[in-house]
Amino acid sequence: MSNAFGRGFDSRRLHHDRKVKNLRIPRTARIAARAALLAAAVCLLSPPAARAGQDRRIQTVVIDPGHGGTETGAKGRFGNLEKDITMAVGLKLKALIERNMGFEVVLTRDRDVDVSLENRSAIANNHKAGLFISIHANGAVQKKAAGSETFFLSLNATDEETRRLAYLENNGTDLQNHIDPSTDDDLMMILWDMAQNAYVKESSRLAELVQIELDAMLGLRNRGIKQAPFKILRGVACPAILVEAAFISNPDEEQKLASEDYQSKVAEAIYRGLARFLRLPE
Amino acid sequence: MAAKKRKGAISTQALVLGGLALVLIVLAVVFFTGGGGEKVKRFVDANIPKPPETAAAPAATKAVTLFFISDDDDSLHKESREIAAGPTDADEAERALAELVKGSEKGLLSPLPPQTKVRQVFIAKDGLATVDFSRDIVDKFSYGSSSELAAVYAVVDTLAFNFKAVKKVVILVEGSERDTLGGHVDLSRAFFPDYSLVAR
Numbered sequence: 001m002s003n004a005f006g007r008g009f010d011s012r013r014l015h016h017d018r019k020v021k022n023l024r025i026p027r028t029a030r031i032a033a034r035a036a037l038l039a040a041a042v043c044l045l046s047p048p049a050a051r052a053g054q055d056r057r058i059q060t061v062v063i064d065p066g067h068g069g070t071e072t073g074a075k076g077r078f079g080n081l082e083k084d085i086t087m088a089v090g091l092k093l094k095a096l097i098e099r100n101m102g103f104e105v106v107l108t109r110d111r112d113v114d115v116s117l118e119n120r121s122a123i124a125n126n127h128k129a130g131l132f133i134s135i136h137a138n139g140a141v142q143k144k145a146a147g148s149e150t151f152f153l154s155l156n157a158t159d160e161e162t163r164r165l166a167y168l169e170n171n172g173t174d175l176q177n178h179i180d181p182s183t184d185d186d187l188m189m190i191l192w193d194m195a196q197n198a199y200v201k202e203s204s205r206l207a208e209l210v211q212i213e214l215d216a217m218l219g220l221r222n223r224g225i226k227q228a229p230f231k232i233l234r235g236v237a238c239p240a241i242l243v244e245a246a247f248i249s250n251p252d253e254e255q256k257l258a259s260e261d262y263q264s265k266v267a268e269a270i271y272r273g274l275a276r277f278l279r280l281p282e
Numbered sequence: 001m002a003a004k005k006r007k008g009a010i011s012t013q014a015l016v017l018g019g020l021a022l023v024l025i026v027l028a029v030v031f032f033t034g035g036g037g038e039k040v041k042r043f044v045d046a047n048i049p050k051p052p053e054t055a056a057a058p059a060a061t062k063a064v065t066l067f068f069i070s071d072d073d074d075s076l077h078k079e080s081r082e083i084a085a086g087p088t089d090a091d092e093a094e095r096a097l098a099e100l101v102k103g104s105e106k107g108l109l110s111p112l113p114p115q116t117k118v119r120q121v122f123i124a125k126d127g128l129a130t131v132d133f134s135r136d137i138v139d140k141f142s143y144g145s146s147s148e149l150a151a152v153y154a155v156v157d158t159l160a161f162n163f164k165a166v167k168k169v170v171i172l173v174e175g176s177e178r179d180t181l182g183g184h185v186d187l188s189r190a191f192f193p194d195y196s197l198v199a200r
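Heads up: the protein sequence lines correspond to chains G and V, in order.
For the first sequence, our numbering assigns the number 1 to the initial residue and increments by one for each residue that follows.
For the second sequence, our numbering assigns the number 1 to the initial residue and increments by one for each residue that follows.
Bound conformation, chain V alone (with noise of 0.2 Å):
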């Protein structure tokens, strides 16, 4: 009797550790295969769908400001720019930063080093933007306190500026949450944009 039982325990245990091992495995295989790039979803998960793909660019434009620096003052200093319109306000915020990369058309300077790429810009309902910078952004230039502020305040503000939709922005780089750009201004909350550093 004892022992019958015995040989039903055992079998009992058997079969709890075979399901285990199952688990086991069947998290393995989820592991292994899921989560890619996590970092980045986290804020493209969110519940706006990505734009459809249009095939032909639409004609119409839109008026940009873009905030630039001048060689003359530490203040920064608006440009108006033609962009392609739509289809959402992120398109239309990516083309306005490929624009303040590429610099200004009457001789201000980017506070952006040129072979900066605007990988995405991400437009969450609350008013966040999140901006991601390719790498050469930390990569291709040495900050000083002033320059650094002026990178991120002159994208700060062009979003805020040209998009309602956008109340403050968090700056990602090759889409990661990174500490600086150059070891002074911090990446880690969301900047709200400051006017006060722009010319009258």
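One chain only, chain G, in its complex shape (with noise of 0.2 Å):
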């Protein structure tokens, strides 16, 4: 699981478990330690947009062209795949960005070969990456399925809150006179749950602008923002979105997709929300 989160996430959590070793905590009270613990936790883990709001300095934006190698994605009726199309727009879009933005621009991939979607996620934390752009092209079982959308980390509130309880409720009465969560899988994840928490307006503010681009250059039907459990949004520690250009699945929009001047207009639409957002005041 550490993997994914890349270098930048393990040194603060070094940093973390040697102040947590020497914390001493009274019987008496364990459950109030307990929840200053995850408060002092999640202040180290926070990201520095969430802690300070003044130096959310973007440097580098990782592209994700989804796929590759082995793992086709999604098929279109006329042979084209998934794959080929996210990475011809993603080499245009970083094209884009580096000709007209001063960022650094990391690709997840650059040629048709397998990355698991670890170290796609480790590429971007390791990079620092200040914004994450994974790029899709979606694939329905309904032939008739089409448009564009964006989406954007659901994190499942339910979920978390059942989990930080079953833990409080589990180590609560066990608890021993230090803490040792390096090997608490348990509280890693409340913890890394809680520091995307962060990101997640962000992330919807992104896709919105994105959205909204995708929709007046591209013509298809807009099928808007959406919420999903996704592994690579999951693992990426700064603002995160998916974007679906069209439907591969779908005869009409799969021949759209596999034409350069379609793939250029998905390129300059996603950059033009880029823009946008980077524009906005904080």
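The hints are simulated quantities; they were obtained by calculation from the structure and are not laboratory data.
Just to be clear, a hint being listed does not mean it is correct.
Unchecked claim - Cross-link-like lysine-lysine pairs, in silico, DSS-like; alpha carbons within 30 Å at most:
1) Lys143/G to Lys117/V
2) Lys140/V to Lys143/G
3) Lys226/G to Lys168/V
4) Lys75/G to Lys102/V
5) Lys78/V to Lys144/G
6) Lys144/G to Lys140/V
7) Lys164/V to Lys143/G
8) Lys117/V to Lys75/G
9) Lys164/V to Lys226/G
10) Lys102/V to Lys143/G
11) Lys201/G to Lys167/V
12) Lys78/V to Lys226/G
Hints are included, so try docking the two chains, each in its own frame, into the full complex.
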């Protein structure tokens, strides 16, 4: 699991462990101490944007062309593969950003190779990505399904709350004098969720602006912005979206997706949404 | 005196070494003979005993609601079906999911590849249902985001809607945990039902 968090996360975590090992908790105040520990840890783990508000300086944008290699993604009736379309759009978007904005752009893959979802998020986290954009082409069982949509991560609030309570219940009574959360997956998962919570607002804003531009440029059905528990979005420690440019499972849209002209339009739309997002006052 | 002591030390050492070797051999035997299918066990091990195999299928049936997709929109659509009842929720859940794979009788579409087999459903006391599908669920279809979400939530909603004991669902493939079915939806955590996807 910790692989997915990348270097940035791990170094914070080490720092956090050292602090915690020296912490002595009186037996009478176990739960309170637990809560204080959680709060302290969240401060250490929370993104800079949430902590200070001013040092939200984006230096690196990471673009993730979905799928690749043996993992083809969705397939179209005419034989087009999702992985090829996402690669083409990704390269065009990289070129646009590099030409017009002062950011470093990192691709999670730059050719047709397999890259695991863990490694993709690790690439983003290791490069200290300020924004993460995953590019996909959609697929549905229904041939008529059509349009573009942009996703950001759904945090299952019920799930998180349930786990938090279960954790406190299970560990509140048998707590010894010190805690070592480095061995505690539940606690790490809760902390990771809380840290990601801080990005959700920005992710939804970025998704909204990108979707507006996709709608304006592509002339497809506008499916809007949505939340989903996508693995790639869960692993990335910055605002992150996943763009579904159109349906490769829809023969009309498949032919559009396969044309270079359309791929350029998709890249241009994402670029414009990104530009609008970056000019937003904090 | 010194020599004698040394001799004693040596035999103690030999004893200790011999003991260690014995322990190692025992451990090796345990290692190589035990521990098969560890991954599956973790979920199956919980306190509920496997139901006894009944020879004759009970005549009673139970009405369940399955969640399919439709060619006309992006929602999940309900369809009711009679399945053989009992003896346990898990047995009924396996049958309900098998019906979901088999497909609609009213022209709706199944979001799961027809070759998929439901290997096992296990329902733990805390409300976590674990569903184990055959490899076909990933091998026989190239998922996009939409079809992957539909597949996952058709399963999750079908289980949670019909079985009160089910609060959340984990999906396994061929007995093991998997990242995703097709590169999108995170399978490493349990899913709560999402009825907002169901057509009204």
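Consistency of the hints with the structure:
no.: 1; hint: Lys143/G to Lys117/V; in the structure: 25 Å, holds
no.: 2; hint: Lys140/V to Lys143/G; in the structure: 17 Å, holds
no.: 3; hint: Lys226/G to Lys168/V; in the structure: 21 Å, holds
no.: 4; hint: Lys75/G to Lys102/V; in the structure: 23 Å, holds
no.: 5; hint: Lys78/V to Lys144/G; in the structure: 20 Å, holds
no.: 6; hint: Lys144/G to Lys140/V; in the structure: 21 Å, holds
no.: 7; hint: Lys164/V to Lys143/G; in the structure: 35 Å, violated
no.: 8; hint: Lys117/V to Lys75/G; in the structure: 23 Å, holds
no.: 9; hint: Lys164/V to Lys226/G; in the structure: 28 Å, holds
no.: 10; hint: Lys102/V to Lys143/G; in the structure: 20 Å, holds
no.: 11; hint: Lys201/G to Lys167/V; in the structure: 28 Å, holds
no.: 12; hint: Lys78/V to Lys226/G; in the structure: 23 Å, holds
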